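J.: Next come the chains, spelled out residue by residue.
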Amino acid sequence: MSNRLGHGWGSRIDRNAAIGFTFEGRPVSAHPGDTIASALAAKGEWILSRSFKYHRPRGILTMAGQDANTLVQIGDEANVRADLRQVAEGMAVTPLNVSGSLRRDRGRIIDHLGRFLPVGFYYRTFFGPRRNSWLKLWEPIIRASAGLGTVSLDPAPRRYLKETRHCDVLVVGAGPAGLAAAIAAAEAGADVILAEKEPELGGALTYARFGVETADAARHLDALRRQAAAAGIAVLSGATCNGHFADNWLPVLQGDRLIRIRAAELVLATGAHEQPLIFRNNDLPGVMLSSAAQRLMRHYGVRPGRRAVVYAGDRDGYLAALDLDDAGVRIAAVIDPEAEDRDGLAPELARRGVPVMRGCTIRQARGGLHLKAVEVQDRQGGRTRLDCDLLVMAGGYTPGYQLALHAGARLSSDDGGTRFSITGVPDHVHLAGAAAGLSDLAAVIESGRIAGLRAAAGLGLAPAQELPAPVQAGWRRAAPSPAHPKGRDFVDFDEDLQVKDIENAIADGYRELELVKRYSTVGMGPSQGRHSALATARIVARKTARSLAEVGITTARPPFGPERLGLLADTTPERHRRTPLHAAHLAAGARMTPVGAWWRPLVYPGADAPEDAIRREIRMVREAAGMLDVSTLGKLEIRGPDAGAFLDRIYTMAHAGQPVGRVRYCLALNEMGSILDDGVAFRLSDEHFYVTATTGAVDRLFAEMMLQKTIMGARVDIQNVTAAFGAMNLTGPRAREVLERLPGSIDFGRAGFAFLDGREGELAGCPVRVMRIGFTGELSYEIHLPQSHAAGLWAALLEAGADLGLRPYGLEASRILRLEKGHIIIGQDTDALSTPDELGMGWALSRKKPFYIGKPAVERRRALGDKRRLCGFALPDEGNAAGVGESALVLQDGKPVGHVTSFGYSPTLGQWIGLAHVAPDQAEPGSRITLRGFAGAEVEAPVVALPFHDKDNARQEM
Amino acid sequence: MPIELLKYGLRRGHRPYRDIPSTPELRRSYDVVIIGGGGHGLAAAYYLSHYHGISNIAVLEKGYLAGGNTARNTTTVRSNYLTLPSIEFYREGVSLFETMSQELGFNVMFSQRGQLTLAHSDAAMRSFRLRAEMGKHAGIRAEVVDAQTVQELCPHVNMDFGGQHEVLGGLWHADGGTARHDAVAWGYAKRAAERGVEIHQRTEVTGFGIAGGRVTEIRTNRGTVLAGQVLQAAGGMNGRIAEMAGIRLPIRCFPLQAMVTQPLKPFLDILLSSSNLHTYLVQSSRGEIVIGGGTDPYQLASTRSSLPQKEALATGALQLMPFLHNVKLLRQWAGITDITPDFSPIMGASPLQNYWLDAGWGTWGFKATAVAGKRMAETIATGRVPDILMPFALERFARFELLNEMGATAAGH
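Chains X and G supply the protein sequences, listed in that same order.
The first sequence: position 381 = 381 (full-length UniProt numbering), numbered continuously.
The second sequence: position 402 = 402 (full-length UniProt numbering), numbered continuously.
FYI, nobody ran anything at the bench for these hints, they're computed from the structure.
Nothing here was measured: the structure is a model prediction, and the numbers come from that model.
Certain hints may be false.
Distance ranges between label pairs, derived from CB positions [to be verified]:
{"no.": "1", "chain 1": "X", "residue 1": "Pro920", "chain 2": "G", "residue 2": "Gln148", "range": "39 to 45 Å"}
{"no.": "2", "chain 1": "X", "residue 1": "Asp952", "chain 2": "G", "residue 2": "Asp146", "range": "54 to 60 Å"}
{"no.": "3", "chain 1": "G", "residue 1": "Pro386", "chain 2": "X", "residue 2": "Leu153", "range": "20 to 26 Å"}
{"no.": "4", "chain 1": "G", "residue 1": "Ala301", "chain 2": "X", "residue 2": "Ala549", "range": "54 to 60 Å"}
{"no.": "5", "chain 1": "X", "residue 1": "Pro199", "chain 2": "G", "residue 2": "Ile3", "range": "53 to 59 Å"}
{"no.": "6", "chain 1": "X", "residue 1": "Gly424", "chain 2": "G", "residue 2": "Pro24", "range": "28 to 34 Å"}
Below, a list of computed lysine-lysine pairs in the DSS-like style, where the Cα atoms sit at most 25 Å apart [stated by the list, open to error]:
{"no.": "7", "chain 1": "X", "residue 1": "Lys53", "chain 2": "X", "residue 2": "Lys136"}
{"no.": "8", "chain 1": "X", "residue 1": "Lys855", "chain 2": "X", "residue 2": "Lys867"}
{"no.": "9", "chain 1": "X", "residue 1": "Lys486", "chain 2": "G", "residue 2": "Lys7"}
{"no.": "10", "chain 1": "G", "residue 1": "Lys265", "chain 2": "X", "residue 2": "Lys53"}
{"no.": "11", "chain 1": "X", "residue 1": "Lys709", "chain 2": "X", "residue 2": "Lys848"}
{"no.": "12", "chain 1": "G", "residue 1": "Lys7", "chain 2": "X", "residue 2": "Lys136"}
{"no.": "13", "chain 1": "X", "residue 1": "Lys162", "chain 2": "G", "residue 2": "Lys7"}
{"no.": "14", "chain 1": "X", "residue 1": "Lys895", "chain 2": "G", "residue 2": "Lys136"}
{"no.": "15", "chain 1": "G", "residue 1": "Lys136", "chain 2": "X", "residue 2": "Lys867"}
{"no.": "16", "chain 1": "G", "residue 1": "Lys7", "chain 2": "X", "residue 2": "Lys53"}
{"no.": "17", "chain 1": "X", "residue 1": "Lys43", "chain 2": "X", "residue 2": "Lys372"}
{"no.": "18", "chain 1": "X", "residue 1": "Lys543", "chain 2": "X", "residue 2": "Lys486"}
A short, non-exhaustive set of chain X residues, derived as facing chain G with CB atoms under 10 Å [what the hints assert, rightly or not]:
{"no.": "19", "residue": "Trp134"}
{"no.": "20", "residue": "Ile142"}
{"no.": "21", "residue": "Pro157"}
{"no.": "22", "residue": "Arg511"}
{"no.": "23", "residue": "Phe748"}
{"no.": "24", "residue": "Asp831"}
All C-beta atoms in this analysis are idealised placements derived from N, C-alpha and C, irrespective of residue type, glycine included.
Can you build the whole structure from these sequences, using the hints too?
T.: Written out as structure tokens, the structure reads:
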């Protein structure tokens with residue numbers, strides 16, 4: 001039998017069209033606009049899932065996506081909220097925690113074993129009989145029964161979008177308060193974004209009832225919508241604001257889009273969350289919040305039941321009863337815990353013939369798969385059974401506190417625990433409407449208007465506003481239901497926790513609210529304590545004889561609602577940068593590899609095996625010329641009157657006196673005297689240095705420089721131009737010849753352009769900065785130029801040098817070339833503790849400068865003596881039989897004293913060579929060190945003086 | 001069904017376990033006062049009371065029991081560090097976890113499922129090889145595995161992500177596991193309390209009386225107490241507490257953030273992390289995916305979460321397992337980590353004679369709960385720092401005898 005109400009109900013559905021989907025394999029027809037839950041309810045299907053622990057049947061509770069009862073699986077998507085997700089044609093929906101079918105779930109037996117599963121039972125057992133029994137035996141069983149949905153290992157790909165927006169005022173929630181706030185702020189001239197999680201504007205005005213007459217609310221809704229449309233507000237509907245982060249930085253989720261909003265002023269009109277009551281079997285399908293019943297009727301045109309009992313803990317219960325009566329639901333009784341009519345609505349109910357039972361509470365609900373009856377108890381203990389298939393609970397509200405608490409506000413209660421309010425709201429955040437504790441419609445709208453004006457005042461667009469004292473909210477505390485000896489009175493539906501579980505947790509010694517939560521898991525499920533936090537706090541207060549204020553209320557952490565990881569992640573497929581020469585490398589057949597942030601060419605194999613190609617490239621550099629793409633180097637421009645003094649602080653060598661046109665090595669230390677980075681500084685003019693840095697360290701170095709600039713108060717401008725410049729290193733005995741073949745303004749003659757000189761000029765039509773430096777120990781020129789020119793010059797150089805044997809070479813050859821020269825790579829041959837002294841780089845430490853970062857530590861560590869040294873070694877003639885490699889241990893008396901940091905075969909020397917950290921007394925050339933190969937074999941190797949090749953460094957000065 | 005639960009179910013009513021006694025009144029004096037009621041402090045109280053016959057102990061906790069970093073960490077237990085002193089120390093820590101449930105009669109759910117750290121770069125492979133070599137030398141299970149073995153150990157991991165972040169191999173640590181963080185603290189608290197140790201929650205240390213190079217009294221919001229010996233084990237508050245005692249610790253605080261998804265049926269057995277992606281994934285016994293990573297880049301003493309870090313963690317998680325894009329995040333949180341220059345803890349003596357330090361635990365404190373507690377208890381009971389703790393002394397910073405664990409602590413915790 002259909003539960004669909006007639007026309008006039010169901011604002012969200014299109015009755016003229018039909019959609020089909022399946023639930024548990026059964027076909028279900030629905031209207032466009034229906035949610036899965038409303039479509040099933042219209043068909044008379046009320047069970048949506050089984051509960052996580054006891055496998056109890058569960059159905060609609062909030063109809064607002066605020067509970068775990070409605071979680072279902074749709075194809076490859078786990079944990080979809082059935083009361084929010086709109087149906088789509090062909091959607092295959094399956095319930096959770098079911099073995100068999102929803103109606104005949106084999107897991108329901110657990111419901112009868114509850115007495116054997118006390119709160120925290122898993123701490124008491126499951127760790128025997130053996131030491132690893134938890135891992136091998138018990139944990140697999142528990143893991144298999146825990147977990148809600150099933151993650152698909154191959155879900156359909158999805159495209160998520162991210163955008164960032166800025167506004168003067170963000171209003172969260174487009175109920176009457178939010179609309180009024182947005183209108184007031186926009187009319188004052190603010191740029192306003194209004195985010196609403198529901199598909200339409202109006203909030204409670206679209207489903208709730210505010211009085212006997214409904215025309216008044218309809219008129220307000222109309223007026224607010226009209227004014228909002230006219231005020232030029234940017235509206236985001238179906239958009240959930242899911243958190244508040246520092247400085248009003250708020251993520252708003254809209255479908256597959258994450259909109260990050262920076263708002264100068266924020267209005268939280270986040271409404272209120274209606275709270276369920278606690279009584280025996282309060283989780284039966286058919287028991288729902290009054291707002292859920294109203295949403296079903298007004299949004300979806302679904303009759304929530306045939307015969308209802310309404311619990312009126314507050315005025316909204318009476319109003320819901322009027323709605324139900326209007327919809328043709330028979331009302332067995334309205335249950336009011338108060339002895340007298342406080343809301344003035346009793347006469348209207350009497351007129352309609354609806355019986356009201358005063359001074360009563362609900363003792364229990366009865367039913368199997370659905371609610372069949374409610375047992376009511378009066379103050380004298382008399383009990384009445386009322387047959388019904390619907391119990392509507394109006395048990396009071398808590399303000400929508402989550403975002404305010406993320407922002408640093410607190411949730412406080414009065415001493416009786418009857419009202420909760422948000423206090424300590426930070427600057428630039430304003431509360432409005434039900435979130436501010438208001439319930440009277442006129443007061444709600446007025447509070448919104450004032451919040452909007454206060455936001456505008458914060459922007460200087462309106463005079464400062466004082467919020468009038470809030471009108472007393474109509475919320476009353478639900479009278480506690482008498483405890484039922486048989487329990488099944490759920491505090492937390494997600495986690496299947498009953499009152500006794502909370503009480504027992506306290507009795508077990510977990511008396512602090514946070515400990516109760518952690519021990520019992522209350523509030524840890526998908527609803528994150530939305531319905532259980534306050535009930536739990538009350539139980540804790542009662543059981544530990546403290547006030548609610550003393551007990552406190554657990555914190556709220558982002559996110560407000562579930563958010564898909566895909567929305568948060570940066571899923572840009574390209575994660576590594578390309579240098580301006582990337583295309584040229586690909587065209588030359590390079591093998592590319594990501595290194596740090598960049599793609600780099602490893603080797604250009606051509607027709608050769610990679611190992612052969614690497615050796616060929618090394619030979620080429622030693623005998624003719626080669627070219628390496630070094631665009632990935634970090635590059636910094638340092639300008640200003642203090643540029644030299646500034647570099648003197650950052651780096652260990654002297655730069656203030658460095659002549660213009662000269663290039664100097666740079667070594668940066670941290671305050672421990674350990675090596676941070678190295679590079680070179682080219683002085684372009686008195687007040688301008690061009691500085692290079694290690695690829696992976698430049699961002700960190702830049703941040704450090706900015707900090708030091710501030711500390712020093714230095715008059716310098718620092719720019720990280722890493723990506724703006726391309727760079728290439730032309731190296732080898734024929735390098736000069738190649739350059740001299742190209743037209744340009746620079747004299748590359750040996751006399752005019754010496755080692756460690758730098759020149760600016762033009763080369764083959766490109767503006768260039770050229771430095772006579774290199775990593776290979778050969779005659780080298782490092783050419784930096786605007787990245788847009790890089791590919792052109794690269795091609796021109798290769799063409800000019802082709803007949804001299806010039807080809808590009810890759811990173812692998814570069815690593816060996818520098819190893820032959822004993823040059824270190826920061827981060828590979830150094831670690832976080834490396835000092836210049838232990839690397840034999842004491843020459844780079846200025847003795848004259850009174851200060852550079854790390855100097856006091858360097859001197860102290862020098863006085864204490866080296867703990868280790870970096871030295872060169874070569875393997876004996878039989879090659880690398882022991883299987884030594886980078887990271888192999890260096891042993892002394894059988895104990896590790898260091899390790900190999902760099903290692904490779906040198907075709908130039910015809911030998912395996914390497915660098916290793918060793919004990920200080922092993923480091924002198926001629927001594928022998930013991931290395932342990934990866935297979936465990938040990939080998940002795942002689943320590944060799946560095947560099948391995950061209951010991952007097954003659955070749956780079958050619 | 002285990003017999004314990006049968007017995008429980010057949011009993012009438014709930015007979016409370018009384019794991020944690022209510023906070024009593026502070027007495028005037030104690031043999032030992034432990035500042036910090038987290039895992040470390042409680043473990044020390046347990047070992048003092050059960051192995052050294054010292055039970056006249058007060059554990060002072062500013063908030064609720066084990067509510068600081070014990071409650072916030074992502075529960076990795078492992079020993080695959082880089083330096084020998086660390087490996088030897090954490091190896092003992094892992095072995096204590098292996099028997100902890102039996103020792104405490106409380107299920108701490110230690111699940112030694114193995115930890116796999118992925119390498120996406122040569123540099124990571126080099127660093128893993130060194131850790132594996134050092135680990136083998138020290139007798140722990142740590143080995144470098146190739147890409148194929150990675151796939152066998154974790155069939156769902158994304159191996160190439162469209163040619164980027166290709167998985168080159170990994171560091172497999174079969175000794176690695178996780179445990180239920182709260183249960184570890186509660187188990188120690190329960191057994192310590194049984195011997196008469198007093199646990200004072202909501203008791204904040206506000207200052208010290210110091211004379212003749214000794215702490216003479218400890219001032220709290222609930223009154224002043226005298227103590228023979230004092231142990232400071234205050235997690236993220238260590239720098240501040242030490243300062244009150246006139247001791248400067250080389251500690252900087254960085255927030256460390258983590259998050260969990262909604263519970264899902266099991267699909268990830270091992271502890272998975274990536275040093276290049278700064279991401280860590282483990283599926284808890286409840287089915288939630290716990291996602292963690294490195295600390296925030298800036299110093300801050302705050303437990304507020306941030307959006308950029310959440311986005312970064314999600315990015316790393318989806319690079320490791322792109323199929324998680326539909327999975328929903330449930331909660332995020334942050335802790336304050338106290339980081340030392342060498343990414344190693346500070347344990348042992350302080351400049352004050354009767355004041356002992358257990359600090360600088362950064363992102364690596366949980367796994368050391370048992371061993372730090374045990375060895376600090378030994379230190380306090382005997383007045384002598386055992387050899388295994390000597391390398392972690394505060395004076396090492398003055399001597400620059402540092403333990404470089406930076407590379408071995410980043411994302412794997």
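J.: Each hint should be assessed against the structure and marked as holding or not.
T.: Comparing the hints with the structure gives:
no.: 1; hint: Pro920(X) with Gln148(G): 39 to 45 Å; in the structure: holds (41 Å)
no.: 2; hint: Asp952(X) with Asp146(G): 54 to 60 Å; in the structure: violated (43 Å)
no.: 3; hint: Pro386(G) with Leu153(X): 20 to 26 Å; in the structure: violated (48 Å)
no.: 4; hint: Ala301(G) with Ala549(X): 54 to 60 Å; in the structure: violated (26 Å)
no.: 5; hint: Pro199(X) with Ile3(G): 53 to 59 Å; in the structure: holds (55 Å)
no.: 6; hint: Gly424(X) with Pro24(G): 28 to 34 Å; in the structure: holds (32 Å)
no.: 7; hint: Lys53(X) with Lys136(X); in the structure: holds (22 Å)
no.: 8; hint: Lys855(X) with Lys867(X); in the structure: holds (18 Å)
no.: 9; hint: Lys486(X) with Lys7(G); in the structure: holds (19 Å)
no.: 10; hint: Lys265(G) with Lys53(X); in the structure: holds (14 Å)
no.: 11; hint: Lys709(X) with Lys848(X); in the structure: holds (22 Å)
no.: 12; hint: Lys7(G) with Lys136(X); in the structure: holds (24 Å)
no.: 13; hint: Lys162(X) with Lys7(G); in the structure: violated (55 Å)
no.: 14; hint: Lys895(X) with Lys136(G); in the structure: holds (12 Å)
no.: 15; hint: Lys136(G) with Lys867(X); in the structure: holds (23 Å)
no.: 16; hint: Lys7(G) with Lys53(X); in the structure: holds (20 Å)
no.: 17; hint: Lys43(X) with Lys372(X); in the structure: holds (18 Å)
no.: 18; hint: Lys543(X) with Lys486(X); in the structure: holds (19 Å)
no.: 19; hint: Trp134; in the structure: holds (6 Å)
no.: 20; hint: Ile142; in the structure: holds (6 Å)
no.: 21; hint: Pro157; in the structure: holds (8 Å)
no.: 22; hint: Arg511; in the structure: holds (6 Å)
no.: 23; hint: Phe748; in the structure: violated (35 Å)
no.: 24; hint: Asp831; in the structure: holds (6 Å)
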